[in-house]
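Please build the complex by placing chains B, C, D, E and F on the supplied structure of chain A, with the hints as guidance.
Number of protein chains: 6
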Amino acid sequence: MMGALEHRKGGSLPVVVQNVKRANLDLVDEFAELGVATVHEAQRRTGLLASYLRPIYRPARVAGTALTCEVAPGDNWMLHVAVEQARPGDLLVVAPTSPCEDGYFGELLATSYMAHEVRGLVIDAGVRDVARLTEMRFPVWSKAVSARGTVKETPANVQVPIVCAGAYVRPGDVIIADDDGVVVVPREHAPLVLERARAREAEEAEKRDRLGKGELGLDMYAMREKLAQRGLEYVSEPGT
Amino acid sequence: MMGALEHRKGGSLPVVVQNVKRANLDLVDEFAELGVATVHEAQRRTGLLASYLRPIYRPARVAGTALTCEVAPGDNWMLHVAVEQARPGDLLVVAPTSPCEDGYFGELLATSYMAHEVRGLVIDAGVRDVARLTEMRFPVWSKAVSARGTVKETPANVQVPIVCAGAYVRPGDVIIADDDGVVVVPREHAPLVLERARAREAEEAEKRDRLGKGELGLDMYAMREKLAQRGLEYVSEPGT
Amino acid sequence: MMGALEHRKGGSLPVVVQNVKRANLDLVDEFAELGVATVHEAQRRTGLLASYLRPIYRPARVAGTALTCEVAPGDNWMLHVAVEQARPGDLLVVAPTSPCEDGYFGELLATSYMAHEVRGLVIDAGVRDVARLTEMRFPVWSKAVSARGTVKETPANVQVPIVCAGAYVRPGDVIIADDDGVVVVPREHAPLVLERARAREAEEAEKRDRLGKGELGLDMYAMREKLAQRGLEYVSEPGT
Amino acid sequence: MMGALEHRKGGSLPVVVQNVKRANLDLVDEFAELGVATVHEAQRRTGLLASYLRPIYRPARVAGTALTCEVAPGDNWMLHVAVEQARPGDLLVVAPTSPCEDGYFGELLATSYMAHEVRGLVIDAGVRDVARLTEMRFPVWSKAVSARGTVKETPANVQVPIVCAGAYVRPGDVIIADDDGVVVVPREHAPLVLERARAREAEEAEKRDRLGKGELGLDMYAMREKLAQRGLEYVSEPGT
Amino acid sequence: MMGALEHRKGGSLPVVVQNVKRANLDLVDEFAELGVATVHEAQRRTGLLASYLRPIYRPARVAGTALTCEVAPGDNWMLHVAVEQARPGDLLVVAPTSPCEDGYFGELLATSYMAHEVRGLVIDAGVRDVARLTEMRFPVWSKAVSARGTVKETPANVQVPIVCAGAYVRPGDVIIADDDGVVVVPREHAPLVLERARAREAEEAEKRDRLGKGELGLDMYAMREKLAQRGLEYVSEPGT
Amino acid sequence: MMGALEHRKGGSLPVVVQNVKRANLDLVDEFAELGVATVHEAQRRTGLLASYLRPIYRPARVAGTALTCEVAPGDNWMLHVAVEQARPGDLLVVAPTSPCEDGYFGELLATSYMAHEVRGLVIDAGVRDVARLTEMRFPVWSKAVSARGTVKETPANVQVPIVCAGAYVRPGDVIIADDDGVVVVPREHAPLVLERARAREAEEAEKRDRLGKGELGLDMYAMREKLAQRGLEYVSEPGT
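Residue numbers (the numbering used here), protein chains in the order written: chain A, 290 to 529; chain B, 290 to 529; chain C, 290 to 529; chain D, 290 to 529; chain E, 290 to 529; chain F, 290 to 529.
Just chain A, with the same shape it has in the complex:
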């Protein structure tokens, strides 16, 4: 991304970076099956977006390649610019340049993005027309629901690295989103993280079986000794 960074030198004029490389879509689709919590763990608990991003309907689960877009507060102009950069399998990731909960995105934009095979939206701001978006099954994770409209006056960057809900997201990275939230996997780490996530899922299946039969985590994970070393004591309620 050095190139894109170069263009932003000292906060230069806004750019749209074209022809961004994406993570492989076959990998992306496998991530969707695993879910956010598993991928986040497989990535050693990194890459999670802030938990205030919530889905507009549940259940919802999707994975895609990040199509990143900055927007000015109360200004959704760049969403019209970003859709031209979309490729099938993309997931739109939007961050305002200062905190704002206005309704940047609604039915018309969703219609446009769906026509370009974008799979959903993650936005650190507000969204509207949520009843229609729900009917259309266009999944959205947002900070707020707000009918408040926006203007089209101030340009900003499209397809550059952004910070969205506290996480650093680069264009083309893998985004996975479900009822638990949203996680980003850097595109170059996708194969490794996927492999670890699958391994984790396999292990969890076995653990689930054992826990379902009543086995204690204390025994399964051999925790008793370490707990004792840390000073945990067992006592009885007096009078019992």
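Derived by calculation from the structure, the hints in this document are not laboratory data. Note that this is a predicted model, so its numbers are computed, not measured.
Because identical chains share one entry, a pair is satisfied inside a single copy or across any pair of copies.
Within a straight-line C-alpha distance of at most 25 Å, the following computed DSS-like cross-link-like pairs (lysine-lysine) qualify:
| id | residue 1 | residue 2 |
| --- | --- | --- |
| 1 | 441 | 496 |
| 2 | 515 | 441 |
| 3 | 502 | 441 |
| 4 | 515 | 496 |
Then chains B, C, D, E and F, alone, in the frame of chain A:
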């Protein structure tokens, strides 16, 4: 409303204003079909209540004439006073005199208001019995859900202009509420706003068709030149 | 609870209190039928947990005996310790020692707790795997939904009195949770509170009937005189 | 204000209302001596702006006539328009059309407003250059301190009634601000409220003396009987 | 406290518990010298009130014995009741029965409490007249500053155990408050905690000297081996 | 930073990156003279950290090179690791891996960092001993003040790129902090941004003079025509 204002002179004793004029119910019913985002836009982005007001169940959509009610913090006495002022088609709009999230309203009050053909509740505070209210299909937009009960000790004003969730609402104004939030239309502007909202909806249908076929907003709205003037540049990711 | 308190003297080493006495499960099950708002009122508006605790799915209603557990921020170790103390009918109540919204609890722990007949979870922190927990019908009231994982490094107390979401909860107390929130009833007061709650529900049925027929609360509760004494005036909108 | 309202019909084009009538400055100056809490009480606990508005330095106390100004989110254009409407004794009151914490106002604007004898700023948004504003002794009550700059693209209304931090403020109304917060007094009620506030202050002086000598409020306000009627009981800690 | 608890059985009528035993004032005064962070550590990181409680002026430091008081939302009646229970060295600790930021306490009440030798106020709500309280040097830790006045209608409990800002506080417990916040020490543990706190302070003096000379905590606490075991790696920035 | 990124592949084991290149300290010192708002503007409104970061005392102003440090929630272990990497002129920038307001940093750590000539602290979490830090003139910008102590159990990364309070900060970047907040300037852009910031400051001096003499921004910036084009109308209050 000069009269009512007069009664509140310097914060005088609390009043109940009777026989308030309402917006025409035929108009009100048409607003419900259009939804909050459209009406808000038709009104040039004014009149929206804060986005923290959320419906207790979804989908929900309603329009009514504002029956306004102030309440003291932790005190729902005036809700019993306000119901006597209700007319069919009203929508109860409640604002506490200082921020409070207690559960001011529940099944019993909903039963009473429904018996008087009130269509729903917008409250900048808490509500309870939400499972029952959902079964009864009594729609509520609130700041919180809370089982916390309230006392009946301190009078406040009924059917006077209030500020509810950041918006100025006068008795008899039109209130429209749906999954996107709540908007108020001053009763005297209702015909004009309705006309604009219908026009907007017609335009949107055409735009939706075009966007659905893949046409870009950049072209449909002829944005490219203005973006260039504002300095937006297109670059390619290096190495591509 | 003096004994447990003794063990915590000056913030001593962490303890697990065993063999805690629980409220009678027959009473507990009757509480579930009454719901949170009614019980809270019957208890003279005490015992309610903060309203930011929300159910992960709706409708949900459950009652159980509190199995209390402290956890360090970002550390869910004690949840593995607490399950060993579970008895059928318990409801897990978790409070972090400092505010944290990480996802302390997910599918594996739910599987384990269900195997030990724990009825649900109240947690002043985050939870994950909410899609799976919903399918499993394991009810949870939490402050947040977050995929963020936790470590297992720092012990804390199990089955001691805790403050959870602003309420004081002792092990074995009755916890009732539904769509309106969560309330705690001290185990020794359970019979009295239950009796009052039943009485209240009976009264409410009659009031609901009268209100449903259009009778005003103003008359039913004979409020008019007191309102006049407090200075409430009735006026008419000028010009009407 | 009907005229100004007329201009905003259905959310019409933005206006600047000129030649607004102000409250009498002699009265305004007397309000400053009394302070916010006293005025708020004298006005029967109405007119207070939300408590999240805080002064940028303390102590600070000022009163002025409201010069009202709406601004778009992240856009401070109208602050340059409003200063032309300023008269000596005005106090600038700013509300964004949707919530925003950007730094709308800094040293340059303060220099301009001071040159036009504006006494201070109340803003339901952010402010910057607070170290300089403090040196200049230009008092500001704001929701946030933020260095974030704003654009100049979207017009909004100047000198129309606004909702600022939850209170309805009309141009020319009296604004009093001190370390406790901000209160608005409708200009036509100013003489009556001032009279009541002075009376209250006189009473308080006497009460303060008596309380300072150790007399109890219980006796001074003759509360004991009413407390007993409400069921308050006195008990002793067991074992004492 | 069983007795007091008994009186609150099932949420019974409100009580004032008289003649509560306090922690020894000589111990209390020694706590004030040590400060909140040290006492909190000495108590193994328990007893801290939520960090949103902030002092109205800084620096401030005080210790006292808890005089506990519940108040209804927007109702400060009980503060007039509580002062009669005050003894020299007490510190008033106030918790509303539901969250409220109104200004419960101001100059008149401070005058009254100072006359009864109460040392300060900790309140999980709002306070007003902060400029005057600052001049009077009456220290207050509060959740908010608000000029909003309160009514006197609803009784609540005085000198019973309460939850204040997330901590469980019993009448007579030691409260220490300074610029860092507020901590409670159960009265029966005061001697032990004080002893530990003094020991900690002595140790810290030595550590401070060593760190001030540039010694690393890594060496002073012998952390390097444990860090390596946990997998921490040292690498160099490439190209350096 | 590719190297450091490589080490974090898929969330690998934690690393300490040594020998990080810093921005030139002469440039850094010049930034301190200019202040945050000016630098932020010179950088075209990028690089600002969230406005909830506030200084523990005012006025305060500092610039330094970022010494970045991640910490686990409730765990300050890495702060002992980071100090070994400090160079004179550094400013410590700390981000928790999940939101936490505990008091990670106090007098002992400040003593250690001052001994290593670190100029201050920016932390997206809590800090304690603020009275002492104020006396020591060790400037801190934090999200919270909290006496809550932390453990030393979980390693995290030191001197890698982090997201702190919503901004992307790389080790060695320039950090400027004052009463208005905190801004980051990428080290390679420092000369260009500094040049622009100086130019801006020169321009502002002239503007300040003209505004101070009463000239309107409307005229100085030639805004009237554009406002008219956007439809701004001037009207008079009726009856005047």
